[in-house]
Amino acid sequence: MECEQVRALIPWYVNGTLSGDEAAAVAEHIAVCANCREELASTHQLSLQVRTAIDETPPLPGRVWDRVRTEKGEVQLGSLDLGSFLLGLSLGLSVTRRGRARFTSSMRLLGRQVPIYSTIEKEENSGKS
Amino acid sequence: MAHERDLLARVARKDDASFQRLYEEFAKRVFRYALTLLRDQHLAEEVVQETMITVWDKASTYVGSSRVSTWIFGIARHKSYDILKKEKKGGRMDEIASVIDDPAPAIERQGHVRTAIDNLPPDQREIIFLTFYENLPYKAIADLLDIPEGTVKSRMYYAKKNLAEALS
Ligand SMILES: [Zn+2]
Numbered sequence: 003m004e005c006e007q008v009r010a011l012i013p014w015y016v017n018g019t020l021s022g023d024e025a026a027a028v029a030e031h032i033a034v035c036a037n038c039r040e041e042l043a044s045t046h047q048l049s050l051q052v053r054t055a056i057d058e059t060p061p062l063p064g065r066v067w068d069r070v071r072t073e074k075g076e077v078q079l080g081s082l083d084l085g086s087f088l089l090g091l092s093l094g095l096s097v098t099r100r101g102r103a104r105f106t107s108s109m110r111l112l113g114r115q116v117p118i119y120s121t122i123e124k125e126e127n128s129g130k131s
Numbered sequence: 032m033a034h035e036r037d038l039l040a041r042v043a044r045k046d047d048a049s050f051q052r053l054y055e056e057f058a059k060r061v062f063r064y065a066l067t068l069l070r071d072q073h074l075a076e077e078v079v080q081e082t083m084i085t086v087w088d089k090a091s092t093y094v095g096s097s098r099v100s101t102w103i104f105g106i107a108r109h110k111s112y113d114i115l116k117k118e119k120k121g122g123r124m125d126e127i128a129s130v131i132d133d134p135a136p137a138i139e140r141q142g143h144v145r146t147a148i149d150n151l152p153p154d155q156r157e158i159i160f161l162t163f164y165e166n167l168p169y170k171a172i173a174d175l176l177d178i179p180e181g182t183v184k185s186r187m188y189y190a191k192k193n194l195a196e197a198l199s
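Residue numbers (my numbering), protein chains in the order written: chain P, 3 to 131; chain A, 32 to 199.
Simulated from the structure, these hints should not be mistaken for laboratory data.
Any given hint could be a false lead.
[Unchecked claim] Keeping only pairs whose Cα atoms sit at most 20 Å apart, straight-line, the calculated PhoX-like set for lysine-lysine is: (1) Lys89/A with Lys45/A; (2) Lys170/A with Lys184/A; (3) Lys45/A with Lys74/P; (4) Lys89/A with Lys74/P.
[Said to hold, decoys possible] Listed next, the stretches of chain P that the computed footprint assigns to chain A, with coverage defined by at least 3 CB atoms under 8 Å from CB atoms of chain A: (5) 14–28; (6) 48–62.
None of these values were measured; they are calculated from a predicted model.
In this text, a Cβ means the ideal position worked out from N, Cα and C, and glycines have one as well.
Work out the full structure, taking the sequences as your base and the hints as a guide.
Printed below as a string of structure tokens:
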């Protein structure tokens, strides 16, 4: 294999996803080519830097799961009945800037998943849920 | 991978607990992918939400010819571009016109490597993410992005070159 072909494959040699044949060809070349060895070392270093940098990005807020769980319809709006109101749940509605109503949280009530609306959850409110 | 397929099969049968496990497995990864593409926390959250809802609704349409992760990332990718289009149409152009192409917004506390990644053109930072963070084979990336394998390799070549310059 030529240097150019080897270099094109090095990123995936580093991430361990080349086919057996390709990986063997790269390994064989690298054993005898100092330039490509250097390229391998720097690519490996880069991959570590990328992983660390991306791992440091902000965590996914828990509120997203609340929204997904409610939106996928564990309970439909229509299943809220008078009983829920009698139990004193406070209701509200969150409307995103894209105009879709979203529930902000939910609880088990009489064996059913029931959304509890907070009065208003602004989209820019980044409070933890 | 077999484990992920089993999980998705149970999600297709509307098993809530399996869906929660699938969410735990993928939501954060989808979030990071969307964040890499869009560089906006709130839009990335929206992508996660819409992607996972689509996974719930469409799990039964997964045919098993690709990895589960590639299938989910494919959905996330479409959602990212959909959201971007809608945001642009919705008159929030000024605010987010720059989301994809312009230099990364200066986020304090952000490390120099992250800044260097964010400053790459979108197609290059996507390749970097999928290769070094998600450890996808170049063939899977070519499928996901619907581009030739040679294009995956050449994008990587330029991405590495740009990163090396930025980090030197
Ligand atoms: Zn060489």
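Against the structure, the hints:
no.	hint	in the structure
1	Lys89/A with Lys45/A	holds (10 Å)
2	Lys170/A with Lys184/A	holds (10 Å)
3	Lys45/A with Lys74/P	holds (10 Å)
4	Lys89/A with Lys74/P	holds (12 Å)
5	14–28	holds (count 6)
6	48–62	holds (count 13)
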